[in-house]
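Novice: So the sequences go chain by chain: L and P.
In terms of the working numbering, the first sequence opens at residue 1 and continues consecutively.
In terms of the working numbering, the second sequence opens at residue 1 and continues consecutively.
If you're looking for bench data, these hints aren't it; they were derived computationally from the structure.
There's no promise every hint is true.
[Unchecked claim] To list a few chain L residues with every Cβ distance to chain P over 12 Å, as calculated:
hint	residue
1	PHE11
2	GLU15
3	SER49
4	ARG59
5	PHE60
6	LEU80
7	THR102
8	GLU109
[To be verified] Derived CB-CB ranges, DEER-like:
hint	chain 1	residue 1	chain 2	residue 2	range
9	L	GLN31	P	PRO8	26 to 32 Å
10	L	GLU56	P	GLN17	46 to 52 Å
11	P	ARG22	L	SER53	38 to 44 Å
12	P	LYS15	L	ASN12	35 to 41 Å
13	P	GLU85	L	GLU3	51 to 57 Å
14	L	LEU74	P	THR18	45 to 51 Å
15	P	GLU57	L	LYS2	17 to 23 Å
All of these numbers come straight from a predicted model, not from anything done at the bench.
We treat Cβ as the ideally placed atom computed from N, Cα and C, and that holds for glycine.
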Amino acid sequence: RKEVEQDPGPFNVPEGATVAFNCTYSNSASQSFFWYRQDCRKEPKLLMSVYSSGNEDGRFTAQLNRASQYISLLIRDSKLSDSATYLCVVPTGGGNKLTFGTGTQLKVEL
Amino acid sequence: EAGVTQFPSHSVIEKGQTVTLRCDPISGHDNLYWYRRVMGKEIKFLLHFVKESKQDESGMPNNRFLAERTGGTYSTLKVQPAELEDSGVYFCASSQGLAGGAPRELFFGEGSRLTVL
Chain L
1 RKEVEQDPGP FNVPEGATVA FNCTYSNSAS QSFFWYRQDC RKEPKLLMSV YSSGNEDGRF
61 TAQLNRASQY ISLLIRDSKL SDSATYLCVV PTGGGNKLTF GTGTQLKVEL
Chain P
1 EAGVTQFPSH SVIEKGQTVT LRCDPISGHD NLYWYRRVMG KEIKFLLHFV KESKQDESGM
61 PNNRFLAERT GGTYSTLKVQ PAELEDSGVY FCASSQGLAG GAPRELFFGE GSRLTVL
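Model the full assembly from the supplied sequences, consistent with the hints where possible.
Specialist: Now the structure itself:
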């Protein structure tokens with residue numbers, strides 16, 4: 001089993017829609033989790049951190065389910081500018097390195 | 001404040017040649033990381049420096065890869081001799097020191113795209 005698994009998508013949604021991505025992780029001892037956003041041919045940038053049950057920032061909500069070992073990212077009222085690849089990231093090796101999922105591609109359309 | 005900068009942005013070389021990638025982290029960031037994304041695969045960890053010391057190099061593919069961070073400032077990643085499978089995007093990232101064990105945000109450079117022909 002991969003350390004971090006994501007559905008690669010693409011998810012094609014209309015503007016204004018709500019979309020959710022899931023990510024599963026294998027290490028039950030993991031304490032913190034991150035969602036990074038990566039635009040085409042650009043660098044990954046931190047979108048949200050999740051340290052407890054969840055986190056909310058505007059239209060974005062991240063939730064953690066430790067029992068089932070998955071993290072979700074919910075985007076409400078999606079915008080064209082939300083089109084990107086969303087990377088699920090879990091610190092490993094004592095927190096000194098990050099393990100990335102393959103990313104989920106989101107395309108928001110008119 | 002300048003972000004993480006990487007050079008070159010794109011390099012095309014022939015199999016067997018040598019390439020050196022450079023990364024300048026954000027000033028004051030002790031932690032410097034190298035990651036790589038091969039086409040179609042996830043971003044994978046290569047190694048981690050704390051200042052000038054290699055903290056973890058478990059992700060380095062083989063001994064054709066050599067990373068250095070002399071003086072604890074910028075870092076170089078040399079591939080010698082390059083093979084076809086080394087093609088990909090090499091990302092450098094930096095962060096401040098760990099706080100209470102919780103990892104801090106990593107700031108990534110735009111990456112160096114390496115094409116080996």
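Novice: All hints are to be evaluated individually against the structure, with a verdict given for each.
Specialist: Results of checking the hints against the structure:
| no. | hint | in the structure |
| --- | --- | --- |
| 1 | PHE11 | holds, 18 Å |
| 2 | GLU15 | holds, 28 Å |
| 3 | SER49 | violated, 8 Å |
| 4 | ARG59 | holds, 20 Å |
| 5 | PHE60 | holds, 16 Å |
| 6 | LEU80 | holds, 22 Å |
| 7 | THR102 | violated, 4 Å |
| 8 | GLU109 | holds, 24 Å |
| 9 | GLN31(L) x PRO8(P): 26 to 32 Å | violated, 37 Å |
| 10 | GLU56(L) x GLN17(P): 46 to 52 Å | holds, 50 Å |
| 11 | ARG22(P) x SER53(L): 38 to 44 Å | holds, 41 Å |
| 12 | LYS15(P) x ASN12(L): 35 to 41 Å | holds, 39 Å |
| 13 | GLU85(P) x GLU3(L): 51 to 57 Å | violated, 22 Å |
| 14 | LEU74(L) x THR18(P): 45 to 51 Å | holds, 47 Å |
| 15 | GLU57(P) x LYS2(L): 17 to 23 Å | holds, 22 Å |
The structure shown violates the earlier hints numbered 3, 7, 9 and 13.
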